[in-house]
Each structure stands twice: as structure tokens, then as C-alpha cells.
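Enquirer: One line per chain: the protein sequences are A and B, in this order. Quick note on this note's numbering: the first sequence kicks off at 1 and runs consecutively. Quick note on this note's numbering: the second sequence kicks off at 287 and runs consecutively.
Among the hints, a few may not be true.
What the hints assert, rightly or not - Some chain A residues well away from chain B (every beta-carbon gap over 10 Å; in silico):
1) L171
2) P245
3) R248
Stated by the list, open to error - Some chain A residues near chain B, calculated using beta-carbon distances under 10 Å:
4) H3
5) F233
6) V234
7) A239
8) T241
9) G247
10) G250
11) D252
12) V261
13) P262
14) E279
15) Q280
16) W282
17) L285
What the hints assert, rightly or not - FRET-style restraints, in silico, Cβ to Cβ:
18) A:P269 x B:A381: 37 to 45 Å
19) A:A206 x B:A362: 53 to 61 Å
20) B:R291 x A:V244: 46 to 54 Å
21) A:A230 x B:A363: 21 to 29 Å
22) B:A362 x A:D66: 37 to 45 Å
23) B:A321 x A:D270: 38 to 46 Å
Bear in mind the hints are in silico, worked out from the structure with no lab data behind them. All residues carry an ideal CB built from backbone N, CA and C; glycine is no exception.
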Amino acid sequence: MRHAIGLKIGPVAFRVGSDWAGPIAALADLYRDYPPPTGVPDYTVRLEAARPWRRWIRPSVTVRGDHMLPDALPLDLAHGVLAAEIGMNLQLALGERRWLLLHASSVERDGRALIMSGESGSGKSTLAAVLATRGWRLMGDEFALIDLATGAARAFPRATSLKNGAIDEMLRHVPDARFGAALTGTPKGRLRHLRPDAQAIARMDAPAIPALILFPQFGRPEAAEAMGPAETFVRLTQASTNYVPLGRAGYDALTRLVTAVPTVAVDYPDTDTAVGMVEQLWAALP
Amino acid sequence: MDAARHIADAVMPSVMIEGFAVVFHAPSGMTHLLAPPLPEILAEIAPDADGRGGGATAEEIVARLRATYELDGDVAAVVAARLAELHAAGLVRAA
């Protein structure tokens, strides 16, 4: 590829190559504080022109790598960073066999991890980013990596992808300088990336023991309801991108997680309420 | 009663979670959540940890369940119906 960058995010090393300089420069800026990767990358992401002439004419980006989805649509070059992010997520989601991957954000305090799983729009990314401004260490906004042998959570602190209203919400909590460029008109709407803080990067190799699982749901009246381990198990098999291919190892890791860690479904009308609820639930842990 | 023998398809790890047996079926890679009395029936016809032994006729299963649990009603009909479900799910096969 003409342009390329190596990125190490937590225990995962990527090489992102591109037909264009723009997306690589944007990634370099977004991840400027991360240590450079060493050794062979775990995953390669290629941002290529959908057709040769599309490098110049209405440039559009096709995401390629070892693992691909057949029906992925090309993106506008202006959204090259989003394409890279999608590519990195996809390689990890489809290719990873070292950890059980949960589609969840996670934060850490005192060596213990709070894991927040939910659909896009549940507020899990925003909540993790806000908690990171209140003394928690951000471990990741997209994937929690559960160690198959120990059950510990590993951090994967990518730049946090914030959409639409979540951007304005986070601008209340962190300075504009922490944000990447604004992307408008993406398939996900308006989008901006938030750089993880220095603590998240400096301690990204430190694992944490899962202590609490939440299923947050933004935009509802305040309510917290304990979720039984059977329902948690079923929901987390759905939230995992690699439970099935991991086979027995995934089964062992997930049954252990849901039987050991309390789970609560949390509905909340705004992030300040959610932070209060999280602190209350956390304080009540044994 | 039919004298056919039934056997659990494999050595299947099982974790009880809230009254459900969460069972991993390695040959298919599928995880099953089983409600009673399916785990109890499976346990009666499972091979040992080394994959040896196991298997029973429906009549033997009924007798073993009656010996272990206090059961009312038409146990044979329940066992026959549940065995059919376990066969359909691929968790039990003819011995």
C-alpha cells in the first residue's frame, strides 16, 4: 500500500494501509500518544479504492483485510477514519481467538472492571467516556476482551467513537482538543472520535478482574433491575462476536463470567444520573 | 415399551445456571439451555468422562428417574416426549 501506519491498541497490533494519505494522517493524529507497535501485526486493514479510477474520481473507500463481509458498502473518502475503524473492528471481531470478545465498553477502578454491554445507541460509549473523566480508567468503548484462561478483562482503548448527540454531551466534559475531526453524513450520522486520556494509554496493558456487568439503556426513566445469570448468559452470547468459533473455551469463559459477576440492567434519562447509579451499584459490591 | 437404547451424543460439560443446565455440545459447537427434566434424563444416559459406557432404554430411564426422584403422573410419556426432543436437538442418539 502507498500509505501505512502501525497501531498497537491494548494487546492487539494493527497495520492499516491505504491508497490515500488522508486516512493514515488522520489515524496518526488520533493515535499520536500511543506507543509504536513492535513485531508482526496481528491484523492488517486495507483501505482501497472500490475501482482503480475511484482513487481520484468521487474517491470511495473499500475496507479489506483477512476477514471481510461480502455486503459491506464503500465509504466516502472523507470518512476514511471511519472506514479504518470499521476495518479494525471487523478484523478483531471475526478473527480473534485469544479472547472472548464482548461488544461492550469497559472501565476500571482498583483493578476491577465494569463492563457495559448494549446495542448501538444504548449510551455505553458515552457512559464509559464520562466515567473516564470521573476517576475511572477507560479500557475500551467497543470490545471487552475476556482472557480465556484467567477470566480477566483486557483493555482495547481505541479512540472512542461518538455519534450525534453524544458528541455534544462529551463536549460538556472534555476539551475540544481531545476530539478528532468531525465527520458528517456518515452512515452512522455525525461522528467524532475522542482520544482516550493519558491514563487509558499508559495502563492499556493492565488487565482487570470483571466485578460488575451493566446493560445500560439511555433515554428512559431511571431504573435498575438485577439480571439473572441465565439471561445474562444468553444476552452475552449475542453480544459476543466470537463465542461460537471459540467452542469449549468460549463456553467455559462465559459460564464462569456470568456465574461470578453480578449483572444489572440500568435505564437512565441522562449521563449524570447514570454516573450516580454506577457509583451506587459499585459501592454496593461485596 | 420400545426397547431401543438411547445415549447422550458426547461427553457434554454442563453448568447449572438459575435452574437451567447450560450444556456445551462439542461435536456441533452449540450451546444448549436445558430446563428440567432434560438435564436429568441426559445424566442418566451420559457416558463417563472418558466417553465409555452410558445409554439406556426409555424404560430403564424411567426406572432410574423414579428411583432418584419422587415423580407423579405418566413419567413414561414425559420421558418419551423429552427423549424425542433431545434426539431432534442432536444431543441424544440411538445407542
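Enquirer: Please go over all the hints and tell whether each is borne out by the structure.
Expert: Right, here's what the structure says about each hint:
For L171 of chain A, the non-interface assignment is confirmed: its Cβ lies about 42 Å from the closest Cβ of chain B, beyond the 10 Å cut-off. At roughly 8 Å from the closest C-beta of chain B, the C-beta of P245 of chain A falls inside 10 Å, breaking its exclusion from the interface. Consistency note on R248 of chain A: stated as away from chain B, yet its beta-carbon is not over 10 Å from all of that chain's, at 6 Å minimum. Annotation: H3 of chain A was flagged as interfacial toward chain B, and the flag is violated, the nearest CB pair being 40 Å apart, outside 10 Å.
Residue-level restraint check for F233 of chain A holds (minimum Cβ-Cβ distance to chain B is 6 Å; threshold 10 Å). Taking 10 Å as the C-beta cut-off, the interface hint given for V234 of chain A holds, the closest approach to chain B being about 7 Å. Checking A239 of chain A against chain B: minimum C-beta separation of about 14 Å lies over 10 Å; hint violated. For T241 of chain A, the suggested interface contact is broken, since its CB lies about 15 Å from the closest CB of chain B, more than 10 Å.
The beta carbon of G247 of chain A comes within 5 Å of a beta carbon in chain B, closer than 10 Å, and the hint placing it at the interface holds. A distance limit of 10 Å between C-beta atoms decides the matter here; for G250 of chain A the minimum to chain B is near 9 Å, and the interface restraint holds. Here the hint on D252 of chain A is kept, as its CB sits about 8 Å from the closest CB of chain B, short of 10 Å. Violation of the interface hint for V261 of chain A is found here, the shortest Cβ-Cβ separation to chain B being roughly 13 Å, above the 10 Å cut-off.
Residue-level restraint check for P262 of chain A is violated (minimum Cβ-Cβ distance to chain B is 13 Å; threshold 10 Å). Residue-level restraint check for E279 of chain A is violated (minimum Cβ-Cβ distance to chain B is 28 Å; threshold 10 Å). For Q280 of chain A, the suggested interface contact is broken, since its CB lies about 25 Å from the closest CB of chain B, more than 10 Å. Contact between W282 of chain A and chain B, as hinted, is not supported at the beta carbon level, the nearest pair being about 24 Å apart and thus beyond 10 Å.
A hinted interface residue such as L285 of chain A counts as satisfied when its beta carbon comes closer than 10 Å to some beta carbon of chain B; here the least separation is about 20 Å, so the hint is violated. Between P269 of chain A and A381 of chain B the Cβ separation comes to about 58 Å, which falls outside the hinted range of 37 to 45 Å. The given range of 53 to 61 Å is respected by A206 of chain A and A362 of chain B, whose C-beta atoms sit roughly 58 Å from each other. Remark: the range hint 46 to 54 Å for R291 of chain B to V244 of chain A is contradicted by a beta-carbon distance near 31 Å.
The hinted window of 21 to 29 Å between A230 of chain A and A363 of chain B holds, with their beta carbons roughly 27 Å apart. Against the hinted window of 37 to 45 Å, the Cβ-Cβ separation of A362 of chain B and D66 of chain A comes to about 54 Å, which falls outside the hint. Between A321 of chain B and D270 of chain A the beta carbon distance is about 40 Å. The supplied range of 38 to 46 Å therefore holds.
The structure does not agree with the numbered hints 2, 3, 4, 7, 8, 12, 13, 14, 15, 16, 17, 18, 20, 22 stated previously, though it agrees with the rest.
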